[in-house]
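Chains Z and P supply the protein sequences, listed in that same order. All letters in the first sequence, in the order written, are residues 12 to 317 by the working numbering. All letters in the second sequence, in the order written, are residues 1011 to 1263 by the working numbering.
These are computed hints drawn from the structure, not numbers from a lab. Any given hint might turn out to be false.
Label-pair restraints from in silico Cβ distances [stated by the list, open to error]:
hint : chain 1 : residue 1 : chain 2 : residue 2 : range
1    : Z       : D193      : P       : V1093     : 27 to 35 Å
2    : Z       : Q135      : P       : P1070     : 14 to 22 Å
3    : Z       : R33       : P       : V1093     : 52 to 60 Å
4    : P       : K1073     : Z       : G117      : 28 to 36 Å
5    : Z       : A38       : P       : G1260     : 55 to 63 Å
6    : Z       : A38       : P       : Y1026     : 48 to 56 Å
7    : P       : E1030     : Z       : I15       : 56 to 64 Å
8    : P       : D1028     : Z       : A38       : 55 to 63 Å
Beta carbons: idealized from backbone N, C-alpha and C, even for Gly.
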Amino acid sequence: MDPIKEAMLHRSRSAKLERRGRLLSLACISLIVLVVLAIFIFVASRGLATFFTNKVNLISFLSKSTWAPAVKDAHGVPQVGALPMIVGSFGVTFLSAVVATPFAVGAAIFMTEISPNLGKRILQPVIELLVGIPSVVYGFIGLSVIVPVIRTVFGGTGFGILAGTFVLFVMILPTVTSMTVDALKAVPRHYREASLALGGTRWQTISRVVLRAAMPGILTGIVFGMARAFGEALAVQMVIGNAALLPKDLISPASTLTSVLTSGIGNTVMGSLENNALWSLALLLLLMSLAFNLLIRWIGKKGEMK
Amino acid sequence: MAKEKVITSKDVHLYYGDFEALKGIDLDFNKNEITALIGPSGCGKSTYLRTLNRMNDLIPGVKITGDIRLRGQDIYASQQDVVQLRKQVGMVFQQPNPFPFSIYDNVVYGLRLAGVKDRSVLDEAVETSLKQAAIWDEVKDKLHDSALSLSGGQQQRVVIGRVLAVQPEVILMDEPTSALDPISSTQIENMLLELRGQYTIILVTHNMHQASRISDRTAFFLQGRLIEFADTKKIFLDPTEQETSDYISGRFG
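This is chain Z alone, in the form it adopts within the complex (with noise of 0.2 Å):
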């Protein structure tokens, strides 16, 4: 046989080597994906037994405000309403990413527009900082510092949702600036200087061309921080009060869908109701990261669009 016609039938070193790699990253990703479908899986089962099982009401499980799991009421159902718990983690989130946003977008327009050496010396190193630092010591100063100091200046307590935000406002800092600079860099220098040939000055460029281009990746920086802030436990559990009650305003203990699953999951008994009822709050934690998601690919397709 011709050595052409040979080559062309037999498949050669590197065909064979690219077969084996494309197996090798589809049996990684089919993992990842079989854990991650676990996972949602043992999640859904256990949270949707709270309805089918212990038949309550989803209705009145997001809409009623009494988190007594133990206690039945007058019609024999177990009262499980987890608002303050929906309310005290929207509060947070929201807050937190409200008071971030402003700092985080000055900070990155600094360090990229501004002093991108300063930014890139020491900012950059802080900010990384910021990320490692683990959380019980963003919980532990928020616990020594700041809830003394709500209480001084507001009365109360100092547990509640002002301390879950002040606490927050820290943690997800890093990941909105870090993620609004990486936004900011992207857009393109010809940006810039068509504004500035035309008679831009500075202010204007950055704030008419340069953050209305990077606009979708500013947004998806939020949302990340927001998914971050949502999903924290640990932190705002030694800060928030651990109250589940609809709080009054900010300054009252009050609690979150995290605080109260890690506060309570270790102290019930698996199958019980009170457990399938972490496992509901659980679940609502899960979705909520999904809608998250969904949400920062939605705006990434926006801005591409343009």
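Could you slot chain P onto chain Z? The hints should help.
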């Protein structure tokens, strides 16, 4: 008859760190003429162009000496407002660089920077400048679509319209057609011929044919020096310097 000079430059030197990119350029530009700057890559013609609206200020490590005046006013004087200068000396870049906004928002960008808010003034400026840029008929029904949805040639004409909208005294063009296909290039050349006589245009180009077709005067740069500067006809038909004739006849570069 002596023509009115808009920009004069004397003995302009520019250094990138230790490297001397411009070695003493003396060049004047007449009002409402198109002046072409030609020369091989790296000869300093784009660098020189960018000294005229101080875009080189943005590059760290650049030092400029010499005297450049816009209508007698030293543009490198310490009291010169760079922002004001750039409003008077507009610039079109090699790559079409519309902002990721609508066509309308692109064109009125410069006016809005200057604080113009009146809708009717903005509307009129958009129509006038896009007509001047020979793109009005193609985009008049989609002014609020993204400028990035246009073809490269259309984008470049919108960008030229954006510069025209602020009515600069001088327009600098840095190889405005080199990233475009021949048909788009011809459209832009025809538009520049229409603008000749209304605007002072300084055009850097690699395209000899373009320089000879649309410019009134041509300056030939080589290795940071101005070799020859004369009427376009003279440069292309009867250059004084040997280097100019070598370059134009394609013997190097």
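Going through the hints against the structure:
1. Between Z/D193 and P/V1093 the CB atoms are about 29 Å apart, so this pair conforms to the stated range of 27 to 35 Å.
2. Taking 14 to 22 Å as the suggested C-beta distance range, the pair Z/Q135 and P/P1070 conforms, at roughly 19 Å.
3. The hinted range of 52 to 60 Å is satisfied by Z/R33 and P/V1093, whose Cβ atoms lie roughly 56 Å apart.
4. For P/K1073 and Z/G117, the Cβ-Cβ distance of about 33 Å falls inside the hinted range of 28 to 36 Å, so the restraint holds.
5. The supplied range of 55 to 63 Å is met by Z/A38 and P/G1260, whose beta-carbon atoms lie about 60 Å from each other.
6. Under the hint 48 to 56 Å, the C-beta atoms of Z/A38 and P/Y1026, about 53 Å apart, fit the expected range.
7. Taken as a hint, the range 56 to 64 Å holds for the pair P/E1030 and Z/I15, whose Cβ atoms sit roughly 58 Å apart.
8. For the hinted restraint 55 to 63 Å between P/D1028 and Z/A38, the CB-CB distance of approximately 56 Å keeps it satisfied.
The structure is consistent with each of the numbered hints, conforming to all of them.
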